[in-house]
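Asker: Chains as they are written, first to last, in my numbering: chain W, 41 to 417; chain D, 41 to 417.
Copies of the same chain look alike in the list, so a pair counts if it works inside one copy or between any two.
SDA-like, lysine to any residue: derived pairs with alpha carbons at most 20 Å apart: (1) Lys48 <-> Gly194; (2) Lys48 <-> Gly299; (3) Lys43 <-> Leu303; (4) Lys220 <-> Lys242; (5) Lys220 <-> Gln243; (6) Lys65 <-> Phe294.
Keep in mind the hints are simulated off the structure, nothing from the lab.
There are 2 protein chains.
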Amino acid sequence: MEKLKRTKVVDALKSTAYGSIVNVKGWVRTHRSSKAVDFIALNDGSTINNIQIVVDPSKVDANQLAQITTGACISATGTLVESQGKGQNVEIQCDSIEIYGLCGNDYPMQKKGQSFEYMRKYAHLRLRTNTFGAVMRIRHNMAMAIHTYFHEHGYFYFNTPLITASDCEGAGQMFQVTTKNLYNLKRTEDGKIDYSDDFFGKQTSLTVSGQLEGELGATALGAIYTFGPTFRAENSNTPRHLAEFWMVEPEVAFLDMDGLMELEEDFIKYCIRWALDNCKDDLEFLNKMIDKGLIARLQSVLDSEFVHLPYTEGIRILQEAIAKGKKFEFPCEWGDDLASEHERFLVEEHFKKPVIMTNYPKAIKAFYMKIDEEESG
Amino acid sequence: MEKLKRTKVVDALKSTAYGSIVNVKGWVRTHRSSKAVDFIALNDGSTINNIQIVVDPSKVDANQLAQITTGACISATGTLVESQGKGQNVEIQCDSIEIYGLCGNDYPMQKKGQSFEYMRKYAHLRLRTNTFGAVMRIRHNMAMAIHTYFHEHGYFYFNTPLITASDCEGAGQMFQVTTKNLYNLKRTEDGKIDYSDDFFGKQTSLTVSGQLEGELGATALGAIYTFGPTFRAENSNTPRHLAEFWMVEPEVAFLDMDGLMELEEDFIKYCIRWALDNCKDDLEFLNKMIDKGLIARLQSVLDSEFVHLPYTEGIRILQEAIAKGKKFEFPCEWGDDLASEHERFLVEEHFKKPVIMTNYPKAIKAFYMKIDEEESG
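Let's have the full structure, built from the sequences with the hints guiding it.
Answerer: Below, the structure written as structure tokens:
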């Protein structure tokens with residue numbers, strides 16, 4: 041007999057081949073027993089939705105069936121049928137179960153909701169929860185959207201060195217990378233650490249940005265993007281700081297400011313559209329359980345034309361708001377860099393749409409940015 | 041007047057809109073002058089092919105025209121016409137040129153062929169050469185093929201930590217990552233380096249593989265792949281060793297050995313097909329200038345069914361060859377790991393197609409690999 045091929049849960053749930061024999065494999069989310077029937081909700085990570093396995097207890101060894109608890113890993117074979125219950129289209133009338141692995145009742149990812157703080161303790165298992173599963177599937181799709189967007193627009197993916205001897209814009213503390221023996225550190229004559237015996241013969245660190253190498257790529261290949269990890273050794277535990285994170289940096293030759301703003305708006309909308317088109321179930325879960333305004337907020341970005349706001353005009357709006365009684369923690373005089381609260385006021389309260397701020401004063405620009413002769417003051 | 045939009049060279053060369061006015065921007069590959077006409081070969085990195093700009097010297101300032109040498113960055117506007125010359129379909133009858141940047145005659149990437157060794161000295165410019173341009177465009181396309189393949193097959197892209205406290209299979213020397221002040225290294229009471237004040241409060245290194253975290257991803261999401269940088273601090277200057285390189289690692293739950301071999305063959309063929317379909321010009325350049333058998337070799341992999349060869353059978357074939365007079369540098373008795381020369385003999389001489397070797401003895405397998413009860417000896 042031909043071996044029955046496994047069907048992924050995401051595909052089984054979409055199937056209308058009622059009456060066909062299917063095999064699904066995955067991890068048990070819940071198992072409810074009664075005398076007449078057992079219901080097992082099975083998930084294999086391919087989707088946030090579980091498939092319901094309906095087991096006739098007379099068909100499966102009772103002792104074996106009793107051991108199948110949340111977290112157990114099983115293979116179930118049976119007939120795909122239209123579901124009588126609510127919330128799903130199909131279910132499986134089970135003929136046989138094979139157990140790959142059992143789970144005790146101390147399995148930490150039980151059905152009940154867990155706090156993120158609790159799940160941190162089980163980083164190796166939390167990917168099996170609805171929330172982390174949704175986040176990982178969306179993350180995958182965003183990576184795919186990023187690559188597809190740039191590919192379709194003629195950009196080349198460009199991998200810049202992660203171990204580097206140069207800082208970039210001094211954007212943060214760097215991690216040192218070394219093969220030196222810390223128990224026997226050679227010094228030069230003037231007492232400095234001697235890096236001549238380090239791997240690259242000089243002091244090296246993890247990159248904080250691929251931008252400078254990216255610019256070289258753009259002036260050879262025309263248009264490149266980086267999308268890879270960068271590192272910041274800032275010991276700051278806020279949602280805005282990570283020691284290691286992935287970042288997208290497009291660099292394009294022959295692109296003026298209007299073209300750049302067009303790229304930014306088009307790219308962001310493309311990624312959001314991809315998410316709404318490809319991650320609907322996961323977004324709906326997050327919208328329901330984590331962040332009620334999520335989908336509406338994404339949709340509103342899609343529906344908005346981005347505001348192009350010169351810095352000086354932005355400061356004027358902020359000062360006008362202050363004059364009318366708006367309180368900010370940080371000052372915002374002409375020449376100050378904007379704080380989060382100022383950015384949020386402009387985007388969320390004043391314009392109610394995304395804002396690209398342009399023409400910053402020279403003094404608060406990064407060294408590599410083009411100087412605007414009129415506005416730089 | 042509406043600003044004329046830049047056309048990429050790759051698009052201009054494919055265009056048949058003869059008679060239309062186009063603008064191209066890029067870097068000059070060659071500039072040939074005569075009394076009646078100037079020819080400028082312009083490249084913008086979007087393709088390996090140059091577009092020919094035909095300049096009537098009476099139309100452009102002679103002094104300006106004379107300065108345009110190899111490496112100069114210019115913008116050229118003119119009429120797209122069917123080419124009279126050989127080797128291209130279209131050229132541009134130039135009306136005006138704007139110079140963005142000039143290049144002296146000491147510009148190192150001149151038209152004549154340069155050795156790779158020479159180009160190493162100009163790493164910031166070598167991307168503008170035909171060879172590196174071709175390699176980078178193919179590299180981009182291979183990344184795109186990898187992501188597209190796995191996306192289409194229901195895998196999720198999974199980014200594993202690069203800074204890690206764990207080794208993986210001891211695959212090579214690791215780079216240490218630290219924020220410790222090497223001028224003032226704290227020690228514990230027993231004389232060891234005290235890592236309590238290091239960034240993560242413990243000793244950390246750059247990862248040599250994302251595999252172990254990838255396995256956790258696969259047992260939650262069903263099927264994942266990593267595709268990111270890994271690091272090996274092996275000071276070995278061979279084509280097989282790099283301090284920093286990108287690697288693909290799929291991890292799949294519920295996949296048996298047959299499924300794994302099918303994945304490997306299908307994935308490799310998909311990537312090769314993508315290259316042949318999308319990088320034809322670049323591959324033809326490399327096939328002509330660098331590696332004469334390249335395209336034939338790629339095609340032969342596509343046309344072959346991969347051999348599935350148990351280790352014991354492989355050793356038998358090798359020993360048979362030795363008995364017939366084949367000389368190898370390294371021994372190959374049952375139980376030995378295969379050297380490059382053995383692998384090449386099996387693939388290139390014996391089978392003349394790709395070979396997947398299976399059922400290795402337990403003693404030379406990595407610790408995490410499934411043990412084959414029959415063959416492990």
